[in-house]
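Spelled out, the chains give:
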Amino acid sequence: MPKEVPLIDLQRKLGGNIGEFAGWITSMDYGNPLDEHLAVRNSAGVFDVSHMGRYIIKGKKVFEFLQRVVSKDLSKVNEGFMSGPVLLLNDNGGIKDDIMLYHVNENTWLAVVNAPNVEKDREWMIKLRERFGYSKEDVDIEDVTTKSVLIAVQGPKSLDIMDELGLSFVKDLKILQFVKDPEILGGKAFLVSRSGWTGEEVRSHGFEIWADVELGAKIFEKVVKLGAKPAGLIARDSLRLEMGYLLIGVDMNESINPIEARYWLPLSLDKEGCVGCDKVREFFSKGVEKFRIGLRLKKGIRVIPRHGSKIVIGDKTIGYVTSGAYSPYLKRSIAMGYVKSQYFYLGFRVGIEIRGKVYEARIVDFPFIET
Amino acid sequence: MGDIIVKTKVGEYIIKDDLLYTKTDEWVRIEGDIVTLGITDYAQKKLRYIVNVELPEKNSEVKAGSSIVTLESVKTVADVYSPFNGKIVEVNTALLDEPDLINKDPYGKGWIVKIKVHGTISKEALLTPQQYADKIKKEEEEK
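Sequence lines, in order, name chains A and B. Sequential numbering from 1 applies to the first sequence in my numbering. Sequential numbering from 1 applies to the second sequence in my numbering.
Hint data in this document are derived by calculation from the structure and do not stem from the laboratory. Each hint should be verified, as a subset may be incorrect.
[Said to hold, decoys possible] Label pairs and their in silico Cβ distance ranges: (1) B:R29 <-> A:N90: 56 to 66 Å; (2) B:A125 <-> A:I313: 43 to 53 Å; (3) B:K9 <-> A:T146: 42 to 52 Å; (4) A:G314 <-> B:A125: 52 to 62 Å; (5) B:T76 <-> A:E254: 22 to 32 Å; (6) B:E57 <-> A:I313: 47 to 57 Å; (7) B:G65 <-> A:I126: 16 to 26 Å; (8) B:R29 <-> A:Y359: 31 to 41 Å; (9) B:E98 <-> A:K147: 37 to 47 Å; (10) B:E98 <-> A:G227: 20 to 30 Å; (11) B:G65 <-> A:K147: 45 to 55 Å; (12) B:T76 <-> A:I313: 23 to 33 Å.
Even for Gly, the Cβ is constructed at its ideal location relative to N, Cα and C.
Next comes chain B alone, as it looks inside the complex (with noise of 0.2 Å):
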């Protein structure tokens, strides 16, 4: 076990083995009901240097598949979304002043929110870490 390193010929990117991942470059990290979201380093790497997140409010609800959160960098916008249903119940305010942090340290101090799942949370739409590397893989193949 270890994290995954995957190696294309445009860069290299770190997956880490104990978080699950969507189909749309965010990482989960599942503690009870309580999910912390964050976008991954393959994201933040094609994204290039982040500028501006705008967070949703506290207590807000969210929809699976909907937008959350924008990330602008100095070359696009980005959304990230929500893969459930449920509340915001933080938000990581430090990416106000640093919003590179996201670049600095994806999977740490570049966590973007913790979102209260409504009902039981179903992994089913997840991938694990060696889909979403394979996922990479075949993304980075196709340009």
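With the rest of the complex left out, here is chain A (with noise of 0.2 Å):
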């Protein structure tokens, strides 16, 4: 049964037209998913997006351990910063998730995983505490998703909304850090950072808060009076979809490894000892069938490319699309996919194949928008 996220009635309130998303009931948009996008991109939007998963990692091992589990070299991250994406990978260096982790102290950290891999995430983990020969006083893992909400205040004005919230000292924050425990209407949220996934935070534009029911729905509600326009899944998706971001289960894969994804960022290619790097390291070195593209249609073009379009040069099939939207921002439908290595044509036009009629694109890099 799907489960209804905390906040809903207050969604219900704010006019979300109510749906399904990876076994959570929540808003898909609040009456029209291009303003919301806009209102992002223009002014401010807020999200709720507690359908996320939530852990609490802790324990002495718990770096150690984090090190052996994800792409990325930690050793980087401070105290107070999120790691930015990290890849859990599958022993043949395939995707099973992409995840953020905060790090908290020395013995603690935070993982926001994909709310599809809520619980397979963590069945991976300790499943991999067992193979590493860790106790549970070494690593803990304790799934916290139902017990808080996380909001997310993406947009050009967000940072006039975090001072109107008394959250002034937002400004000195770097992207990717946090602070914990702060002081919002009068509670404490359990942390507040600079981050998010619209590709505002990359403009240094994006905030997410981390709070208690209670309190977070009282942080939605005022955020919205601030000015920020309630926004919903779709909007979300088209945001993520412009920066070139990708959705797991949809873009990526445990049959598609980071190199096909070119998902350099969440990679250390030469971090040594983590599940699945040697094999990514192969498949640098040894080269990829299939590459992942942008696609751009001509201006003004709305016929949105769907998951498994096919990707066609005349007759010939080259790749298939993984996700599109229309984009009120550039005024045309975009979409990202996969071609064989062979036709890693940037630049070049090709053809979509959406029920039966072929629609012109071109193969374009990420992200789809100016930074």
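Take the two lone chains and join them into the complex the hints point to.
What follows is the structure, encoded as structure tokens:
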């Protein structure tokens, strides 16, 4: 049975159109996902992203454990900083998930994982804990997803909004830096960070607040009063696509490796001793058979390339689309997908077959927008 | 008399009392041999926000039961069917720039095409507002 996110009543009150994503009942949009998308780019939007999985990982060996579990070298992630996306790889170098780690202190890290994987990732970590011979005292992984809410305030006006929430100190935070236990609206949140998944975080225009349910509801409502447009998962999807961010289970999965996905950000290629890392190095030196690419349709074209749409040259199929959306910011449809590596034709025009009709699209790199 | 508002556990849907309906969730307004066609409030709410509309050519011939228009929402793609044999005499080109007129005003500015019907118009296959309300209730209860 799907579960309702804790703030569902508030979402409904604010006009949320409710739907299901990864076992959660939450808002897909608040009436007009294109306006919500544009509000984030031009002003500010606020998302309830409480469907994301959250763990507290602690113990004496937590750092060395995580170093062996994820693809990125965490030794450069200082206390009070997030890791940026890191990958959980399987033993074959395939992508299980991309997750975000927070370095709280020597013995405590937090993880935010994708909603479809909240149980699978924890099971995988526990399996690896056994494989590496650590005890529960060495590393304990607690799923705290349902006990709290996660709110993302994104867009050029987000800094003003944070200021009015009494969080003026956030202007001094670096991207991916966070502060524990900030006081907000007479309560204490768990943490506030300079981060997000819309692209605004890259422009230093993104913040996320992690709080208990009661305080989270107050914060969300206040942020809306301060001028942020409530935004749903549809806008979140088109925003992340403009940035070329991959969605797990859609644009990457266990049979795709990070070299094919060209997902270099979460990789430390020279890192030894992590699960799947040797395999990734092998793919890197041997070469891969397909690459992830961006596809930009002509201005004014609104037809949406769908997961599985063929990428073609004449009557030859050279790849397939993994996700697509209409971008109200670029006023055209965009997509990402994979092509066979001999067709990695950046800048050239190819076709996308959608419901029997072929639409012209240019192969481009990411992001689709300037940052 | 008045519009019918169907309330279900999923949502509320408006049904205009001066229109007739199809089993595939289109509404029709019959004026002489010209039929104006759109999709119902229930249909647009099920589809969600519409981002793309593929309209037929003016003067093209359409067959009863055939797909004449494709509506594309963020979530899915849906066909719109003609209930009659006839010829497309007008298309709502405003939808090309503003497909969400269908969401905002499904029975007004969100109309889709006008069809000149060949022969006499048979209302037998169409549903009255009350019959259409019953159909929605039944569908929602079966979920």
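Against the structure, the hints:
no., hint, in the structure
1, B:R29 <-> A:N90: 56 to 66 Å, "holds (58 Å)"
2, B:A125 <-> A:I313: 43 to 53 Å, "holds (45 Å)"
3, B:K9 <-> A:T146: 42 to 52 Å, "violated (24 Å)"
4, A:G314 <-> B:A125: 52 to 62 Å, "violated (43 Å)"
5, B:T76 <-> A:E254: 22 to 32 Å, "holds (27 Å)"
6, B:E57 <-> A:I313: 47 to 57 Å, "violated (29 Å)"
7, B:G65 <-> A:I126: 16 to 26 Å, "violated (56 Å)"
8, B:R29 <-> A:Y359: 31 to 41 Å, "holds (34 Å)"
9, B:E98 <-> A:K147: 37 to 47 Å, "holds (43 Å)"
10, B:E98 <-> A:G227: 20 to 30 Å, "holds (25 Å)"
11, B:G65 <-> A:K147: 45 to 55 Å, "holds (53 Å)"
12, B:T76 <-> A:I313: 23 to 33 Å, "holds (28 Å)"
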